[in-house]
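J.: Sequence:
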Amino acid sequence: MHLLYKRKSFLLLYSLLLINFDHLFLNCHLNNIKGHFN
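Counted from 1, the sequence shown has number 24 at position 24 by UniProt numbering; the numbering is strictly sequential.
Don't read these hints as lab results, they were simulated from the structure. These numbers come from a predicted model, not from an experiment. Treat the hints with care, since some could be wrong.
Stated by the list, open to error - Estimated spans, in silico, between C-beta atoms of each pair:
1) 9 with 29: 22 to 32 Å
2) 26 with 6: 24 to 34 Å
3) 5 with 37: 46 to 56 Å
4) 33 with 11: 31 to 41 Å
5) 36 with 14: 31 to 41 Å
6) 5 with 36: 45 to 55 Å
For every residue, glycine included, the Cβ atom is placed at its ideal position computed from N, Cα and C.
Kindly produce the complete structure, drawing on both the sequences and the hints.
T.: Following this line, the structure appears as structure tokens:
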């Protein structure tokens, strides 16, 4: 039971990190595109 909970929390943390990284990457990409058009 405890091990399963640990694994779940780890997966949750990992997905949160992935989402944050994705968001940062997207923001940088959008800023680059805006820079090209200006």
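J.: Are the hints correct? Go through all of them and say.
T.: For each hint, the structure was consulted:
1. The hint said 22 to 32 Å for the Cβ distance between residue 9 and residue 29, and at roughly 30 Å that hint holds.
2. The hinted range of 24 to 34 Å is satisfied by residue 26 and residue 6, whose Cβ atoms lie roughly 31 Å apart.
3. Taking the beta carbon of each, residue 5 and residue 37 are about 48 Å apart, inside 46 to 56 Å as hinted.
4. Look at residue 33 against residue 11: about 33 Å separates their beta carbons, and that is inside 31 to 41 Å.
5. The given range of 31 to 41 Å is respected by residue 36 and residue 14, whose C-beta atoms sit roughly 33 Å from each other.
6. Between residue 5 and residue 36 the Cβ separation comes to about 47 Å, which falls inside the hinted range of 45 to 55 Å.
Comparing the model with each earlier hint shows no violations; every hint is respected.
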